[in-house]
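S.K.: Here is what each chain is made of, one letter per residue.
2 protein chains.
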Amino acid sequence: MTCFKANIGHKIFFENAQAIIPSDTAAAPKECAGAVGAFVDRPLNDDMFGEDTFEKAECKMLSVAIDTAIKNAGLKRSQIDVLFSGDLLNQIISASFAARDFDIPFLGLYSACSTMSEAMLLGAAMVNAGYANRAVAATGSHFASAERQYRYPLEQGTTRPPQSQWTVTGAGGCVIASAGKGVRITCGTMGRVVDFGVTDVNNMGAAMAPACADTLLSHFRDTGTSPEDYDLILSGDLGALGSRILKDLTWEKGYDISANHVDCGEIIYKVIEDEFQGGSGAGCSAVVFNSYILSKLRSGQFRKVLFAATGALLSTVSSGQGESIPCISHAVVLEA
Amino acid sequence: MTCFKANIGHKIFFENAQAIIPSDTAAAPKECAGAVGAFVDRPLNDDMFGEDTFEKAECKMLSVAIDTAIKNAGLKRSQIDVLFSGDLLNQIISASFAARDFDIPFLGLYSACSTMSEAMLLGAAMVNAGYANRAVAATGSHFASAERQYRYPLEQGTTRPPQSQWTVTGAGGCVIASAGKGVRITCGTMGRVVDFGVTDVNNMGAAMAPACADTLLSHFRDTGTSPEDYDLILSGDLGALGSRILKDLTWEKGYDISANHVDCGEIIYKVIEDEFQGGSGAGCSAVVFNSYILSKLRSGQFRKVLFAATGALLSTVSSGQGESIPCISHAVVLEA
Chain V
7 MTCFKANIGH KIFFENAQAI IPSDTAAAPK ECAGAVGAFV DRPLNDDMFG
57 EDTFEKAECK MLSVAIDTAI KNAGLKRSQI DVLFSGDLLN QIISASFAAR
107 DFDIPFLGLY SACSTMSEAM LLGAAMVNAG YANRAVAATG SHFASAERQY
157 RYPLEQGTTR PPQSQWTVTG AGGCVIASAG KGVRITCGTM GRVVDFGVTD
207 VNNMGAAMAP ACADTLLSHF RDTGTSPEDY DLILSGDLGA LGSRILKDLT
257 WEKGYDISAN HVDCGEIIYK VIEDEFQGGS GAGCSAVVFN SYILSKLRSG
307 QFRKVLFAAT GALLSTVSSG QGESIPCISH AVVLEA
Chain F
7 MTCFKANIGH KIFFENAQAI IPSDTAAAPK ECAGAVGAFV DRPLNDDMFG
57 EDTFEKAECK MLSVAIDTAI KNAGLKRSQI DVLFSGDLLN QIISASFAAR
107 DFDIPFLGLY SACSTMSEAM LLGAAMVNAG YANRAVAATG SHFASAERQY
157 RYPLEQGTTR PPQSQWTVTG AGGCVIASAG KGVRITCGTM GRVVDFGVTD
207 VNNMGAAMAP ACADTLLSHF RDTGTSPEDY DLILSGDLGA LGSRILKDLT
257 WEKGYDISAN HVDCGEIIYK VIEDEFQGGS GAGCSAVVFN SYILSKLRSG
307 QFRKVLFAAT GALLSTVSSG QGESIPCISH AVVLEA
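So the sequences go chain by chain: V and F. First residue of the first sequence: 7, per the working numbering; consecutive thereafter. First residue of the second sequence: 7, per the working numbering; consecutive thereafter.
To be clear, the hints were calculated from the coordinates, so they are not data collected in a lab. Incorrect hints may appear among the rest.
Simulated restraints, written as ranges between beta carbons of each label pair [claimed, not checked]:
1) F:Leu223 to V:Thr322: 38 to 46 angstroms
2) V:Asn51 to F:Ser301: 58 to 66 angstroms
3) V:Pro168 to F:Asp254: 55 to 63 angstroms
4) V:Asp58 to F:Lys259: 32 to 40 angstroms
5) F:Glu258 to V:Ser305: 49 to 57 angstroms
6) V:Glu161 to F:Gln162: 26 to 34 angstroms
For every residue, glycine included, the Cβ atom is placed at its ideal position computed from N, Cα and C.
All chains should be modelled from the sequences, with the hints used to inform the complete structure.
M.R.: As structure tokens, then:
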């Protein structure tokens, strides 16, 4: 076993053959209507999932995604050494209450919509270092619980501005193991908090794009790679507008990602209707990555993917006190 | 370098000599009036710290603790590879906005009042594995921002029940390095979510004690140690009542910790006045550990300390929807 040790910049190389063996995703009907829907393991009939509150439905989706990912790996819960999870709700109650159902050590994370890649990065680090044989990384979100918490009551029927996105109702998780066949996590790049001064809480794409650009540029520089080295550069939930900004920002620094960049938020919905710029939320990249992208990696259609989920670290209180929106993006490299 | 690799249970041994070189704490006048106050690096004149909102004051305390810990180590910010931080506020805005001031990779955590030990565990893991040369672990809390968010507006003057605790206004952080003299982190035990069905949001000690007991018992079992092996077993913020419950629960399982157990919440305040059971909040264990306890470890008064911060993973929404309070505790072993 060799652990990479040096002045690491922002990146970590994972030199063991730890693999993502199985994954599982659950998503609501709207999320399953698009191109990604066919790859979702558990399409739901409605967004309540048999629960009486949105928050409980969100928690149940996450719990089911964790449980089924473990089962899909042919493992028992007792064989999982640690669960990395978080979500968008205050005090990450979806993750905490889901973790209550499992008799597994739990390390709670908050990184807004970049939680999926933060969890994968830390899971791969713990497994690669030999501190865990198997880790689960999982997250999710729910449109209605996010709207209630961050914006307006749904009953109010507030008009959404054209630069807004639609929080994905879905959850996804994967098992990261020290042995086994599967897609490998070979590198991780930890993001810094970047704030370009955007204050429009309905324009998350513009706020998050600079953080994503910062992480991608750090990654290319630290690893000596360029966009052409990846079959796909997958951002989390910048949406259509944010993706354009990301391409501009990286292009200005000499990296043209336009040929192989795709954004999870841009591709999850079938039609641009009231979701405008596309999907967002921790569940957006969790669902798209763990279903559609992972299946393409497994089939060999993609050989190497750079996955950089993106998160906006605001709260209603910070915005109410006049603060701008600090953002972050963590990246992991997946190889078939 | 040898990384421990096996079926790990809940524990991780850190075999490299990574050390906590420096630390820094900031705390408000009430917190500095007690026995711990003399060890606080930066006693504040008031709880606003020159800011115009409680949340900004909380963020500034945390930012100062991080910055000063780095300076105390004789380091520049650019020499820190990763910052692990989180706090109690929705979307951990104190940590996220503090991280915005630093050009350092940031991994956001949420583990309520057990964030200090979660951050130290992950920081030590990253440093021990060679993924970082130096990591910072830090957290904080503020009485007024916590009251506003979790309970009642201060202006309402709500009477506090006798089983309640007082959220500490303070922050603390430490640098964990792969080389250097100092107190060493030699082991970590990751906690599971434990919920004994307590629903009284004013009785956090009773809710958290079972989680702390679960982690301590896992730790003793997994490491083959017993309470006598530690000069001090330090829980996070159980308060007076929670500490009694913890001693009972561990005693029932054959481990008598009564001779060397101390709770941060029990010792931080000088007089039991309106804080009743003692201190709580992420800042409670952050301040007590990084000032008082660490100085005793440095001076050799303590040789080996088991530090288990404790967190209640509820939110106002979860309690409003009738849920009980899931809790967690992560433990690290410090050796002089």
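S.K.: Taking the earlier hints as the rules, which of them does this structure contradict?
M.R.: none
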